[in-house]
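Peer 1: Chains as they are written, first to last, in this note's numbering: chain A, 3 to 127; chain B, 77 to 341.
Treat the hints with caution; some may be incorrect.
As the list claims (entries may be wrong) - In silico EDC-like pairs for lysine to aspartate or glutamate, Cα to Cα no more than 16 Å straight-line:
| # | chain 1 | residue 1 | chain 2 | residue 2 |
| --- | --- | --- | --- | --- |
| 1 | B | K304 | B | D212 |
| 2 | B | K189 | B | D147 |
| 3 | B | K214 | B | D294 |
| 4 | A | K35 | B | D85 |
| 5 | B | K304 | B | E327 |
| 6 | B | K306 | B | E205 |
| 7 | A | K39 | B | D85 |
| 8 | A | K27 | A | D119 |
| 9 | A | K37 | B | D85 |
| 10 | A | K39 | A | E12 |
| 11 | B | K189 | B | E205 |
| 12 | B | K306 | B | D326 |
| 13 | A | K124 | A | E25 |
| 14 | A | K62 | B | D85 |
| 15 | B | K107 | A | E81 |
Hints were generated in silico from the structure; no laboratory data involved.
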Amino acid sequence: MDMQALQAEEEQLRQEIAKLPDEQKQYYYQQEKLKVKDPDTYAVLNWFVVVGLHHFYLGKFGRGAINIVLILLGLAFLELGGWIVLILVFLLELPQLFFSQRIVYRYNNQVMASILDEIHNKGIS
Amino acid sequence: MSLLQNLTDQQKQWSAIIISTVLVLTLATYKFIYTVLPYSSEAIAQSLPQSIYEALDESGIESLSDHQMLDTQLTAEQQAHYSQLFQALVPEQSEHAELTKTYQLLFRSWEEKPNAFALANGTIVITDEMISLLNDDKQVQAVLLHEIGHVHHNHVVESMVKVSIVSVTLSILLGDISAVADILVSGASIGIGAKFSRDAETQADEYAAARLVALHGDNQAMVEVLQKLKTVSDENANYTSWLSSHPALDERVTHLNNHVHEFSH
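Okay, chain B solo, but in the shape it has when bound (with noise of 0.2 Å):
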């Protein structure tokens, strides 16, 4: 009470300006985060034409090459059995039923890099070292409906909506004045797109889990791939690629595990 009593009058005055801007941003920027733009994000991405989901397949077809990837030594016969596994995996419908998704695997090769990813209208392509990575099948089916995973929750056109939106909005609440506000543009994006990135990764985990619980009764084969990652990941830096964005392995393992659970239901 006495620092209060010796402050002036237009000490208190900017001391209550002060405080009240930081509460208020602070809570405006959690609720940003964590309500405004998951809502938002979702409703637009689900707005969006289904041309434009198709575009971006296509795309992102077109430019794997340009990542280096060669076509696949898989033998036909692999590949046609591999393709049999995806499309008895397919679900009937998305999270999003006015979305229809056409789901297609590919194969490609890629400086032995053992990876899979999704792309937003159903394309899902596997590396030949992905699949020599894994055991069986039971861990191919997991690192596809991870994939899976990912497209029926929309990730793909979702996470390229919140990037928009808060580049967007610091724009607009900075303005076109520096090179910081430019920084701070930037930095924001990649920050929270990597969170949201964590997020879908986490959510994708689940969604495979689930699958695996009701296909063999355990979520076994998920957590295998996971640590069969790691390994690759902690024996050369390079194989980091398909996990920078991601949890760090072990705690997906140990949320799989602790969650397990609340996957057979």
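Chain A on its own, in the form it takes in the complex (with noise of 0.2 Å):
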């Protein structure tokens, strides 16, 4: 998905937010403080020590684990060849700086879906 329609997305979720009572829509402020996140801060996370600090800060604690593995691996074993899984981890990961916007727009617009989703579901007031 490009940016711009990632920004219709937003703009759809922003009409939705727009029409709920104050009560939910306090709660839903609430929520999004807390779970949107920063595209600098991945960014600077991902070009960190390039380990893949990036996939903790969306919660992807999985791939985070994966990629720390992989590194302390590669680091231990470095004159055994480890540095060559240093190189295709870095390969892998550093990609995503330059898509850091993007994916944390993404992200961002998930998390507004996933709290107008709770909104709805749970019936929050």
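Each chain sits in its own coordinate frame; assemble them with the hints.
Peer 2: Shown next as structure tokens:
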């Protein structure tokens, strides 16, 4: 999904939020403040020591843990070819730096949609 | 588990980020210091042109007078004797075959400080005070072999390259951001430099011990020299300059005694 489509999706979600009663709207914004992520933080965590910390930031603990284990193994066996693992992880993860805005935009739209679902399904008032 | 359950999603995420960062940075730092740095500094030092080694020795010799070193008071006969002793110890080939070392022994006097040191390309300086301190030719051989060991293993240039790599790496990682970064860069460079300096001393001791065992059947002269230096350094703190970046003398003696059987092979 490109940025235009993501912006259109967000606009649609914002319109839904605007239709909520005030109490639900207040609940929504409380939840949104807690759950939405910052693309710049995501990008910094991706770049910082390049080990997949950005996955943890978006709550993807499994993917993050796999990266950390690979990096630790690569470092431990550096002289036995571990450096190849480090380069592969680096090549796999670094491109996400350049798509961080889009990735986090999509994540935040998903968060907005899930909060709205929660409000609709649980009937939060 | 209950502690984990009590954490919010955000706290869990940042806990994972912090723990992972600490784990990776700890292991990465360890591997950088003990694997990457020795390997890369050795490779870079070997690839430097011979002219750099020659220039380092020339500037080193020129700067001797800046360090309050005076002309030797040894007689021409004494100098000839020790030079002959030295030439007999010069190895045919360096550890790194592509480097051609030009060994030469210089005598200087230095404010009553017993000292000896090696420059990059094979120039070794010994002070009159060091020669006076030693009892016999075997002990002089031990000191000269220790310094030859530094040249043989290319310690001088490797040490300079190591400190440069640490400075550049930390500058890249930390950037030119603050005085704190400057302090970290300087501190790490000095700390790591001192660590490698101590390792180099141990390696030079081992080299000298092995050569002494080959020459005389034992490394007793090296042990005696270290014990003599310990006496001098205990008597006057000013004499510790030669030892400041070295491991404790007791440790060096213990190391030589414990590993004597290895040097005979």
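Peer 1: Taking the hints in turn, state whether each one holds.
Peer 2: Here is what the structure says about each hint:
1. With a C-alpha separation of about 12 Å, the suggested pair K304(B) and D212(B) falls inside the 16 Å cut-off, and the hint holds.
2. A distance of roughly 14 Å separates the Cα atoms of K189(B) and D147(B); the hinted pair therefore holds under the 16 Å criterion.
3. Distance check on the hinted pair: K214(B) and D294(B) sit about 11 Å apart at the alpha-carbon level, within 16 Å; holds.
4. With a C-alpha separation of about 13 Å, the suggested pair K35(A) and D85(B) falls inside the 16 Å cut-off, and the hint holds.
5. Only pairs whose Cα atoms come within 16 Å are accepted, and K304(B) paired with E327(B) is accepted, the gap being roughly 14 Å.
6. The hinted pair formed by K306(B) and E205(B) meets the criterion: a straight-line CA distance of about 15 Å does not exceed 16 Å.
7. The hinted pair formed by K39(A) and D85(B) meets the criterion: a straight-line CA distance of about 12 Å does not exceed 16 Å.
8. Using a Cα cut-off of 16 Å, the hinted pair K27(A) and D119(A) holds, with the two alpha carbons roughly 13 Å apart.
9. The straight-line distance between the Cα atoms of K37(A) and D85(B) is roughly 9 Å, inside the 16 Å bound, and the hint therefore holds.
10. Taking the CA atoms of K39(A) and E12(A), the gap is about 14 Å. The hint holds against a cut of 16 Å.
11. Between K189(B) and E205(B) the CA atoms are separated by roughly 6 Å; this keeps the pair inside 16 Å, and the hint holds.
12. Annotation: proposed proximity of K306(B) to D326(B) holds, straight-line Cα distance about 8 Å (limit 16 Å).
13. Taken as a hint, the K124(A) and E25(A) pair is honoured in the structure, with Cα atoms around 14 Å apart against an allowance of 16 Å.
14. Straight-line distance between C-alpha atoms of K62(A) and D85(B) comes to about 11 Å, which keeps the hinted pair within the 16 Å bound.
15. Using a Cα cut-off of 16 Å, the hinted pair K107(B) and E81(A) holds, with the two alpha carbons roughly 10 Å apart.
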